[in-house]
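Quick mapping for you: the protein sequence lines, in order, are chains A and B. Be aware that the first sequence starts at 1, since it is given in full-length UniProt numbering, and climbs by one per residue. Be aware that the second sequence starts at 1, since it is given in full-length UniProt numbering, and climbs by one per residue.
Derived by calculation from the structure, the hints in this document are not laboratory data. Being a predicted model, the structure only gives us computed values, none of them experimental. Keep in mind that the hints are not guaranteed to be accurate.
[Said to hold, decoys possible] Distance ranges between label pairs, derived from CB positions: (1) A:Ile14 / B:Met162: 47 to 53 Å; (2) A:Ala199 / B:Ile148: 54 to 60 Å; (3) B:Ser92 / A:Ala213: 39 to 45 Å; (4) B:Leu76 / A:Ile14: 35 to 41 Å; (5) A:Arg211 / B:Asp88: 27 to 33 Å; (6) A:Ile14 / B:Ser92: 50 to 56 Å.
[To be verified] The calculated SDA-like cross-link candidates involving lysine to any residue, where the alpha carbons are at most 20 Å apart (straight line), are: (7) B:Lys160 / A:Asp109; (8) A:Lys154 / A:Thr176; (9) A:Lys67 / A:Gly84; (10) A:Lys63 / A:Met120; (11) B:Lys185 / B:Ala97; (12) B:Lys89 / B:Leu189; (13) B:Lys185 / A:Glu51; (14) B:Lys160 / A:Ile110; (15) B:Lys160 / A:Asp129; (16) A:Lys67 / B:Lys185; (17) B:Lys160 / A:Thr92; (18) A:Lys108 / B:Lys185; (19) B:Lys185 / A:Met68; (20) A:Lys104 / B:Tyr213.
Each residue gets a CB set at the ideal place from its N, CA and C atoms; glycine is no exception.
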Amino acid sequence: MLKIEQINLSYGEIQVLWDMSLQIPEGQIVALLGANSAGKSSTINAISGIEKISSGRITFQGKDISKMAPHEIVELGVIQVPEGRKLFNFMTIEENLLLGAYSKHARKDIKKNIRRVYDMFPILEERKDQLAGDMSGGQQQMCAIGRGLMSNPKLLIIDELSLGLAPILVQELLRTLTTIKDEGITIMLVEQNVKQSLAISNYAYVLENGRVAIQGDAAQLTEDPHLKKAYLGM
Amino acid sequence: MMILQTLISGILLGGIYALISMGLNMILGVVRIINFAHGEFLMIAMYLSYIFYAWGGMDPYVSAIFIVIILFVLGLITQKGLIEPILDKPASTKIFATLGLSIVLQNLALMIFDANYLSVTTPYQSSVVNLLGIAISVPRLVSFGVVIAIVILLYLFLQKTMVGRAIRAVSMQRQAAYLVGVNVKRIYLLAFGIGTALVGLAGSMLMPIYSVYPTLGASFVLIAFVVVVLGGMGNMFGAFYGGLMIGVIESLAGVIFSPGLKEVIYFIIFILVLLIKPTGIFSKGKGSEAVGL
Ligand SMILES: Nc1ncnc2c1ncn2[C@@H]1O[C@H](COP(=O)(O)OP(=O)(O)OP(=O)(O)O)[C@@H](O)[C@H]1O
Ligand SMILES: [Mg+2]
């Protein structure tokens, strides 16, 4: 569904992605793992068109998206839930969700999608008139995922879902992602939290210094000696 | 009675300051540009109003409709032609660009109209209505009514429509705005257009009570800066209250001290606010992301 081929990305003089390639097949959960500054967010910002790659190709459903503007990529159904949630803090929960449906192809489904989000996260409906900035971290993450779902995603990319959240809440949100996958939405999970991510993923890539260091089926990677040592502390 | 009279005339004048400042703040909050030429757009609007009156015999309140549209288009052109190409450039480039534009426009006005003060004569110019013993100037009252109507419309637009929400979204959290599919460049364009349309309307409302001259923009843009700092950078409705407040302060100061001192008083307020609450006295908190000066 999504194919990244040999991309390079630099911020000014500093190159952060080096001939990076990866693939995300439809209907799966694919994890992109790695330590701080490995280049995970840079990779997905390249997918979303926020950062421009200097060479290589990114295709979505066969279409080259590497030169498209961010809003055009959203229109195709490639939706990013950014690191740190990045909610519109001075707007209500409901306004945040409505803005999720800003793109043309999502607007006709506002009613249906907002119902779906509220059913998935009932607390959001209870608090829909409160400012997003006043919510707890977990509720903000739910709102951010909900805002992403409002965009009618085909591919939902979630950056650092677990950041700053209690493990039990992370567990719950990851379970929700499995439900979302079962509804037919492909998921790219960008995480530092290797163990919990592998548990729900089909396939995983591990980034180190802007290069893919390890890749494989999630079940296999759990047994990988290097991964165990470097990321699971075993 | 005298104080009440002064207070009311201050509020009425403040409505126009509010309009100018809201335009400046819209551009600042959304495009993150301090438009030093904002006052010159006011000057252009007033000259246009004068031209419509002198050549077409058109009342300033009528020509306001055309002037708002013309200024909106001028705003689009400025954003597209001058600001958009330098968006990724350092702050100093942006400052010199709008400062340069302001100087060019001032000199253009000087070439075309000389340094004369021009004004229009309307039948209602010096008419007053009496409300409970307080004399209120008709043109000031009309201007204020128009300002209130526009502020309400703008509020509804920003709160209730998808495009309005997108404008707020860009000013609050630009990256997330991109990620929900907002065409950010187009929102910049729209915000700049609305910002200059607002100052255009202010010019039309000011023409029946004021004269226009080439350097008029400078003194008004100074007021607008004070109002914006007072109300909070990027905070549209903070600018509205701030405008009214400055109007009142100016009127009171004119009575209590002397009209010549008003600019000193602006500066004192400006510095006090920056020292005590730099986010503005009407802001909810940090507000929008830091404005890149
Ligand atoms: N806008 C930017 N300008 C300059 N350098 C940047 C920018 N964004 C990221 N970098 C640098 O690029 C490198 C990769 O950062 P990136 O955010 O992609 O890593 P990450 O894997 O997402 O890390 P984290 O787990 O901390 O989110 C880092 O060294 C970072 O400092
Ligand atoms: Mg990151």
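Structure-based check of all given hints:
no. : hint                            : in the structure
1   : A:Ile14 / B:Met162: 47 to 53 Å  : violated (38 Å)
2   : A:Ala199 / B:Ile148: 54 to 60 Å : holds (59 Å)
3   : B:Ser92 / A:Ala213: 39 to 45 Å  : holds (42 Å)
4   : B:Leu76 / A:Ile14: 35 to 41 Å   : holds (37 Å)
5   : A:Arg211 / B:Asp88: 27 to 33 Å  : holds (28 Å)
6   : A:Ile14 / B:Ser92: 50 to 56 Å   : violated (24 Å)
7   : B:Lys160 / A:Asp109             : holds (18 Å)
8   : A:Lys154 / A:Thr176             : holds (16 Å)
9   : A:Lys67 / A:Gly84               : violated (26 Å)
10  : A:Lys63 / A:Met120              : violated (32 Å)
11  : B:Lys185 / B:Ala97              : holds (19 Å)
12  : B:Lys89 / B:Leu189              : holds (18 Å)
13  : B:Lys185 / A:Glu51              : holds (16 Å)
14  : B:Lys160 / A:Ile110             : holds (15 Å)
15  : B:Lys160 / A:Asp129             : holds (14 Å)
16  : A:Lys67 / B:Lys185              : holds (16 Å)
17  : B:Lys160 / A:Thr92              : holds (12 Å)
18  : A:Lys108 / B:Lys185             : violated (24 Å)
19  : B:Lys185 / A:Met68              : holds (14 Å)
20  : A:Lys104 / B:Tyr213             : violated (47 Å)
Of the numbered hints stated above, those contradicted by the structure are hints 1, 6, 9, 10, 18 and 20, listed in ascending order.
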